[in-house]
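J.: Turn these sequences into a full structure, and let the hints guide you.
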Amino acid sequence: MRLQNSAAAKRPSGRLHNIRRYLSLYAMAAPGLIFFLILSYVPILFLVVAFQDFRVGRGIFGSEFVGLENFAGLVTDRLFPMVLKNTIGLNLMKIALTFPMPIILALCFNEFKPSFGKKLCQTAVYLPHFFSWVIVASMLSSLLNLNTGLVNRVIASLGGTPVAFLTEKSIYKLLITLTEVWKETGWSTIIYISALTAINMELYEAAAMDGAGKWRQLWHVSLPGIRGTIIIMLILSFGSIVSGSFEQVFMTKNSAVYEVAEIIPTYVYTKGITNMDISYGATVGLFQSVIGFILVASTNWLSRRLGGDGLW
Numbered sequence: 000m001r002l003q004n005s006a007a008a009k010r011p012s013g014r015l016h017n018i019r020r021y022l023s024l025y026a027m028a029a030p031g032l033i034f035f036l037i038l039s040y041v042p043i044l045f046l047v048v049a050f051q052d053f054r055v056g057r058g059i060f061g062s063e064f065v066g067l068e069n070f071a072g073l074v075t076d077r078l079f080p081m082v083l084k085n086t087i088g089l090n091l092m093k094i095a096l097t098f099p100m101p102i103i104l105a106l107c108f109n110e111f112k113p114s115f116g117k118k119l120c121q122t123a124v125y126l127p128h129f130f131s132w133v134i135v136a137s138m139l140s141s142l143l144n145l146n147t148g149l150v151n152r153v154i155a156s157l158g159g160t161p162v163a164f165l166t167e168k169s170i171y172k173l174l175i176t177l178t179e180v181w182k183e184t185g186w187s188t189i190i191y192i193s194a195l196t197a198i199n200m201e202l203y204e205a206a207a208m209d210g211a212g213k214w215r216q217l218w219h220v221s222l223p224g225i226r227g228t229i230i231i232m233l234i235l236s237f238g239s240i241v242s243g244s245f246e247q248v249f250m251t252k253n254s255a256v257y258e259v260a261e262i263i264p265t266y267v268y269t270k271g272i273t274n275m276d277i278s279y280g281a282t283v284g285l286f287q288s289v290i291g292f293i294l295v296a297s298t299n300w301l302s303r304r305l306g307g308d309g310l311w
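Each step along the sequence shown adds one to the number in numbering that gives the first Met the number 0, with nothing skipped, and position 176 is 175.
If you're looking for bench data, these hints aren't it; they were derived computationally from the structure.
We treat Cβ as the ideally placed atom computed from N, Cα and C, and that holds for glycine.
Hints are not guaranteed to be accurate.
Claimed, not checked - What follows is a list of derived Cβ distance ranges for each label pair:
(1) 71 x 156: 51 to 59 angstroms
(2) 306 x 99: 16 to 24 angstroms
(3) 27 x 305: 54 to 62 angstroms
(4) 211 x 306: 47 to 55 angstroms
(5) 301 x 156: 35 to 43 angstroms
(6) 169 x 68: 34 to 42 angstroms
To be verified - Okay, derived cross-link-like pairs now, BS3-like style, lysine-lysine, Cα gap no bigger than 25 angstroms in a straight line:
(7) 182 x 252
(8) 84 x 168
(9) 252 x 112
(10) 168 x 252
(11) 168 x 118
T.: See the structure below:
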């Protein structure tokens, strides 16, 4: 008994033992953890700015505490309802178009036999993800400019009337959404292709032996096999309804489409950086984060309630 107690005392704790055992894996994960710690968790400490009349010269500890005054200003801000409406409307359009596209594309790639053509197609749809929004905005300007754009030159040469794609309010949101589809669909496809590769091939063989064709295999094997991944991605998508791509909108908006283009991230930049109203910018950002968390938690709860998977 005494020897057993001595051995137990010398044996390292379970958590410390796991760290030593998987030290290489922890080392690989460390850069990502440090990245999120510095850029996502440390800034939480500075949310106190939303409750202050922040002045750069005074700093956080010297600025006056005003409580909920900034939030009262947010409620009475005449522009904020427009900004919130634009943000939600644009993101719902993106979810409606960009969410199913990667699933469809992944299912198509999964049916192709390994070949050079398949790799070429995959590379072609992945490539736009690596273009910055600065490059994409320049491409849009070159293609869709009213006077010099290639598209309008073709329209004019065919006897049509050039269209102001970049300054027409009714076109702008659709243009932004289609650009998002073109740029990000291929990259999102990787997640679903990875999920499809994890499906046991014996399920397809059993379905084929039962007389199921490709469509029935897709419906009864492929889609159920990636259902968990689809639900998780949908939950994350709903969490970004009050967010948006700052770079995309910032690089493509102009004064002509301001009323339909201004979204919360660009509004935070305008109020906090351009107008130097840092406290109000922090207030809008905090509102966005809280609503995003509520949406993720609600969607996750509803998914679990209906018998599906969830993030937790």
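J.: Run every hint past the structure and note whether it holds.
T.: Hints, one by one, checked against the model:
1. 71 x 156: 51 to 59 angstroms: holds, 57 angstroms
2. 306 x 99: 16 to 24 angstroms: holds, 22 angstroms
3. 27 x 305: 54 to 62 angstroms: Taking Cβ atoms as reference, residue 27 and residue 305 lie about 36 angstroms apart, which means the hint is violated.
4. 211 x 306: 47 to 55 angstroms: For residue 306 against residue 211, whose Cβ atoms are near 25 angstroms apart, the range 47 to 55 angstroms is violated.
5. 301 x 156: 35 to 43 angstroms: violated, 52 angstroms
6. 169 x 68: 34 to 42 angstroms: holds, 38 angstroms
7. 182 x 252: OK: residue 182 and residue 252 at ~18 angstroms, within 25 angstroms.
8. 84 x 168: Roughly 14 angstroms separates the two Cα atoms, so the pair holds.
9. 252 x 112: violated, 42 angstroms
10. 168 x 252: This hinted pair holds, its Cα atoms lying about 10 angstroms apart.
11. 168 x 118: Distance of about 39 angstroms is beyond 25 angstroms: violated.
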